[in-house]
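So the protein lines, in turn, are chains A and B. Residue 69 in our numbering is what sits at position 69 of the first sequence, and the numbering runs on without skipping anything. Residue 21 in our numbering is what sits at position 21 of the second sequence, and the numbering runs on without skipping anything.
These aren't lab readings, by the way, just hints derived from the structure by calculation. Don't take each hint at face value.
[Claimed, not checked] Computed cross-link-like contacts, DSS-like style, restricted to lysine-lysine with a CA-CA straight-line distance of at most 30 Å:
{"hint": "1", "chain 1": "B", "residue 1": "LYS11", "chain 2": "A", "residue 2": "LYS102"}
{"hint": "2", "chain 1": "A", "residue 1": "LYS16", "chain 2": "A", "residue 2": "LYS102"}
{"hint": "3", "chain 1": "B", "residue 1": "LYS16", "chain 2": "A", "residue 2": "LYS38"}
{"hint": "4", "chain 1": "B", "residue 1": "LYS78", "chain 2": "A", "residue 2": "LYS102"}
{"hint": "5", "chain 1": "A", "residue 1": "LYS38", "chain 2": "A", "residue 2": "LYS102"}
{"hint": "6", "chain 1": "B", "residue 1": "LYS71", "chain 2": "A", "residue 2": "LYS102"}
{"hint": "7", "chain 1": "A", "residue 1": "LYS38", "chain 2": "A", "residue 2": "LYS70"}
{"hint": "8", "chain 1": "A", "residue 1": "LYS3", "chain 2": "B", "residue 2": "LYS78"}
{"hint": "9", "chain 1": "B", "residue 1": "LYS11", "chain 2": "A", "residue 2": "LYS38"}
{"hint": "10", "chain 1": "A", "residue 1": "LYS102", "chain 2": "A", "residue 2": "LYS3"}
{"hint": "11", "chain 1": "A", "residue 1": "LYS112", "chain 2": "B", "residue 2": "LYS71"}
{"hint": "12", "chain 1": "B", "residue 1": "LYS16", "chain 2": "A", "residue 2": "LYS3"}
{"hint": "13", "chain 1": "A", "residue 1": "LYS70", "chain 2": "A", "residue 2": "LYS102"}
{"hint": "14", "chain 1": "B", "residue 1": "LYS71", "chain 2": "B", "residue 2": "LYS11"}
{"hint": "15", "chain 1": "B", "residue 1": "LYS11", "chain 2": "B", "residue 2": "LYS62"}
{"hint": "16", "chain 1": "A", "residue 1": "LYS102", "chain 2": "B", "residue 2": "LYS62"}
{"hint": "17", "chain 1": "B", "residue 1": "LYS16", "chain 2": "B", "residue 2": "LYS78"}
{"hint": "18", "chain 1": "A", "residue 1": "LYS38", "chain 2": "A", "residue 2": "LYS112"}
{"hint": "19", "chain 1": "A", "residue 1": "LYS38", "chain 2": "A", "residue 2": "LYS3"}
{"hint": "20", "chain 1": "B", "residue 1": "LYS15", "chain 2": "B", "residue 2": "LYS78"}
{"hint": "21", "chain 1": "A", "residue 1": "LYS3", "chain 2": "A", "residue 2": "LYS112"}
[What the hints assert, rightly or not] Derived Cβ-Cβ restraints for the label pairs, each shown as a range:
{"hint": "22", "chain 1": "B", "residue 1": "GLN59", "chain 2": "A", "residue 2": "GLU10", "range": "39 to 49 Å"}
{"hint": "23", "chain 1": "A", "residue 1": "GLU15", "chain 2": "B", "residue 2": "ARG64", "range": "39 to 49 Å"}
{"hint": "24", "chain 1": "A", "residue 1": "ASN67", "chain 2": "B", "residue 2": "GLU52", "range": "33 to 43 Å"}
[Unchecked claim] Listed next, the stretches of chain A that the computed footprint assigns to chain B, with coverage defined by at least 3 CB atoms under 8 Å from CB atoms of chain B:
{"hint": "25", "region": "34-48"}
{"hint": "26", "region": "84-96"}
Note that the Cβ used here is the ideal one computed from N, Cα and C, for glycine as well.
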Amino acid sequence: AQKVTQAQTEISVVEKEDVTLDCVYETRDTTYYLFWYKQPPSGELVFLIRRNSFDEQNEISGRYSWNFQKSTSSFNFTITASQVVDSAVYFCALSETGGGNKLTFGTGTQLKVEL
Amino acid sequence: EAGVVQSPRYKIIEKKQPVAFWCNPISGHNTLYWYRQNLGQGPELLIRYENEEAVDDSQLPKDRFSAERLKGVDSTLKIQPAELGDSAVYLCASSPPIIGLAAAEQFFGPGTRLTVL
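Pulled out of the complex, with its shape left as it was, chain B reads as follows:
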């Protein structure tokens, strides 16, 4: 079974340029997450989707970040314009449907390492 796919793996851009990251979750996983991981830190949630609905975007800097998951499958995270402080690894994860109050295991992709110059 294929894991979470992300592209590109690496991206170098100049500040003020736009950038987009793509994620394809594991088949059948209705929940998709975007995390940002700064150097030496743990991942921090940016946005969570249940199918095509963004159910938690409280940590997403909405002035410059946007995300979409139009058909409830793959997703795109965009930054426009990028700033120096956006340099980080952007991780996508997916999980199967949550039953009751249980916490489902999240499966992570390899991430996209963004460098903003």
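Chain A extracted, bound-state conformation:
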């Protein structure tokens, strides 16, 4: 069975600090997809990134970067120079191929960025 663990329940940082959100996953499949979603206070989940299991290249998008390491089953998310608008709950999710695009979410990490 697939499982996603986000051990950090809540993180508080001061604006402009860098912050890394951890995600560890479990799956028996050799082919799978990993996602990160952002859930601001408004409640709507916003897609951030999708990565397939064959692509271990790190990715950078503006202040966001992702580090995928199959050896440790981790898909960590770093925000550089955090801003107050980054305050939200961030979810890591896993989708196994052949699973009909079913997403298994972690429990989320609440990020609070303060001035």
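Given the coordinates of chain A, work out where chain B should sit on it, guided by the hints.
Just chain B now, with coordinates in the frame of chain A:
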């Protein structure tokens, strides 16, 4: 382009009452999902539709929950009768057709926050 639309945004009912949630997916998205998100948890899939067919309803509590997507577009999720433990946010999502074994991005609506008293 309009996103996933859900209504109502909030609903407060007494236990044993029925309740229904409505979702209109993004145009052209043939796959529709209903998730339930309990406080402090990630969303959990209740049911997935491919067009008008429910292809995964293994997590749907069928004794009290039902769903339909009659014309393969909008969908309704119903609970009857509601219990205290049903208090949660009910999220609808949609995705475009899946190509091969790829996993399509899911677009989520704002959700319906249900409170059962």
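Now for the hints, and whether the structure bears them out:
no., hint, verdict
1, B:LYS11 <-> A:LYS102, "holds, 27 Å"
2, A:LYS16 <-> A:LYS102, "violated, 35 Å"
3, B:LYS16 <-> A:LYS38, "violated, 34 Å"
4, B:LYS78 <-> A:LYS102, "holds, 21 Å"
5, A:LYS38 <-> A:LYS102, "holds, 18 Å"
6, B:LYS71 <-> A:LYS102, "holds, 22 Å"
7, A:LYS38 <-> A:LYS70, "holds, 23 Å"
8, A:LYS3 <-> B:LYS78, "holds, 28 Å"
9, B:LYS11 <-> A:LYS38, "holds, 24 Å"
10, A:LYS102 <-> A:LYS3, "holds, 12 Å"
11, A:LYS112 <-> B:LYS71, "violated, 42 Å"
12, B:LYS16 <-> A:LYS3, "violated, 33 Å"
13, A:LYS70 <-> A:LYS102, "holds, 20 Å"
14, B:LYS71 <-> B:LYS11, "holds, 26 Å"
15, B:LYS11 <-> B:LYS62, "holds, 21 Å"
16, A:LYS102 <-> B:LYS62, "holds, 19 Å"
17, B:LYS16 <-> B:LYS78, "holds, 13 Å"
18, A:LYS38 <-> A:LYS112, "holds, 13 Å"
19, A:LYS38 <-> A:LYS3, "holds, 19 Å"
20, B:LYS15 <-> B:LYS78, "holds, 14 Å"
21, A:LYS3 <-> A:LYS112, "holds, 25 Å"
22, B:GLN59 <-> A:GLU10: 39 to 49 Å, "violated, 27 Å"
23, A:GLU15 <-> B:ARG64: 39 to 49 Å, "holds, 46 Å"
24, A:ASN67 <-> B:GLU52: 33 to 43 Å, "holds, 41 Å"
25, 34-48, "holds (count 8)"
26, 84-96, "holds (count 3)"
Against the hints set out earlier in the document, violations occur for numbers 2, 3, 11, 12 and 22.
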